[in-house]
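Here are the chains, one letter per residue:
2 protein chains.
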Amino acid sequence: MYEDLLNHIEKYIRLNDAERQLLVSVMRYEKVPKKGFLLKSGKVCSSRFFVLSGCLRQYIIKENEVEQIIQFGLPGWWICDHHSFENNQPSEYCVQATEVSEVAILDAAIQEDLFSKIPSLERYFRLIFQRAYDASLTRIGLEYCMSGEERYHQFAKNFPDFVQRVPQYMLASFLGLTPEFISIIRAKKGK
Amino acid sequence: MYEDLLNHIEKYIRLNDAERQLLVSVMRYEKVPKKGFLLKSGKVCSSRFFVLSGCLRQYIIKENEVEQIIQFGLPGWWICDHHSFENNQPSEYCVQATEVSEVAILDAAIQEDLFSKIPSLERYFRLIFQRAYDASLTRIGLEYCMSGEERYHQFAKNFPDFVQRVPQYMLASFLGLTPEFISIIRAKKGK
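Protein chains in written order, with full-length UniProt numbering: chain Z, 1 to 191; chain U, 1 to 191.
One or more hints might be untrue.
Copies of the same chain look alike in the list, so a pair counts if it fits in one copy or across any two.
[Unchecked claim] In silico DSBU-like pairs for lysine-lysine, Cα to Cα no more than 30 angstroms straight-line:
#1 Lys11 to Lys117
#2 Lys117 to Lys188
#3 Lys43 to Lys117
#4 Lys117 to Lys34
#5 Lys157 to Lys43
#6 Lys189 to Lys117
#7 Lys43 to Lys11
#8 Lys43 to Lys62
#9 Lys31 to Lys188
#10 Lys43 to Lys31
#11 Lys188 to Lys40
#12 Lys62 to Lys40
#13 Lys157 to Lys34
#14 Lys62 to Lys157
#15 Lys188 to Lys157
#16 Lys62 to Lys31
#17 Lys31 to Lys189
Read the hints as simulated data drawn from the structure, not as lab findings.
Just chain Z, same shape as in the assembly (with noise of 0.2 angstroms):
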């Protein structure tokens, strides 16, 4: 069940069979359905969720009802208000399935302990946000660099499946356009 994200996690540091089997002991599953939410703002984020399959959105309501996305969870990727989950306080954010996705959940109460016996988890989640970190820097670098349309293209050049598979005005949201923006580049596209 858990075998993409111990996978996963052996591309960063090993695992003897004792750490596999006490993390797999600990992880929780869970199957969510199509707009079913792991997180909604107001509560805290008591847990990190590892995407097994399907897409998660994580997105915050602004003031005028208009939902904005800040990132997609893809399998392999975490999800999580970090600083909601670490301080224990209500997080902005809202995490929602967008199609039936399967997560592995590792729960705030049990962190520590697992860290404490499995160190090297410090440094897989060092890596992982490291990562992570570098990747939103360059997406902020993106975002000032390039026009709307240079942005799409270039989103639907690195992830092509991933345009098919999200609603146009989620994409367009993550991308910080409107939806009939993408419509116009799709039909020039299209031309």
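Following the hints, complete the assembly by docking chain U onto the known chain Z.
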């Protein structure tokens, strides 16, 4: 010399005397003149820089030769191109001091040995990168949710000293605005 660094680390993890001494013995100190470079694009980023005093900026050069600032490094902040650092690949970024600055330098060549001798540093960097990643997601959210003017005011409110400290064109680059636009906002506020 490294007191601020040790204090920063000990906000997150405990170090014993031997660990403190080891850390201090392997860090390098550098005083960087205003406009001095710690990294130039095309070179491998072979160090992590902890800002002891002054201010660094990390930027890319866009196709039109315009500099896009990705982030500033104020005292207590680590600056590094992690991708270049971990993979020994040429960086796309430049890191330059915006004023006379002092940095504590952790070289890639000694990192693994240091982490094996002080494993809790993995935890320290895990927490640091988790926070930085979180902050960059918040920044991405603000970018889309706020107008340029709102972004400027939010930034000026959060970092009032800083707005006075760096040249207007750098602040504009960081916020994805033009220097002229910032002039207009400031003039409005002055009225």
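We went through each hint and held it up to the structure:
no., hint, verdict
1, Lys11 to Lys117, "both (20 angstroms within a copy, 22 angstroms between copies)"
2, Lys117 to Lys188, "neither (56 angstroms within a copy, 58 angstroms between copies)"
3, Lys43 to Lys117, "within (29 angstroms within a copy, 39 angstroms between copies)"
4, Lys117 to Lys34, "neither (35 angstroms within a copy, 47 angstroms between copies)"
5, Lys157 to Lys43, "between (36 angstroms within a copy, 27 angstroms between copies)"
6, Lys189 to Lys117, "neither (53 angstroms within a copy, 55 angstroms between copies)"
7, Lys43 to Lys11, "between (33 angstroms within a copy, 27 angstroms between copies)"
8, Lys43 to Lys62, "within (17 angstroms within a copy, 41 angstroms between copies)"
9, Lys31 to Lys188, "neither (39 angstroms within a copy, 53 angstroms between copies)"
10, Lys43 to Lys31, "within (20 angstroms within a copy, 46 angstroms between copies)"
11, Lys188 to Lys40, "neither (38 angstroms within a copy, 39 angstroms between copies)"
12, Lys62 to Lys40, "within (14 angstroms within a copy, 39 angstroms between copies)"
13, Lys157 to Lys34, "within (26 angstroms within a copy, 40 angstroms between copies)"
14, Lys62 to Lys157, "both (29 angstroms within a copy, 20 angstroms between copies)"
15, Lys188 to Lys157, "within (16 angstroms within a copy, 42 angstroms between copies)"
16, Lys62 to Lys31, "within (28 angstroms within a copy, 44 angstroms between copies)"
17, Lys31 to Lys189, "neither (37 angstroms within a copy, 52 angstroms between copies)"
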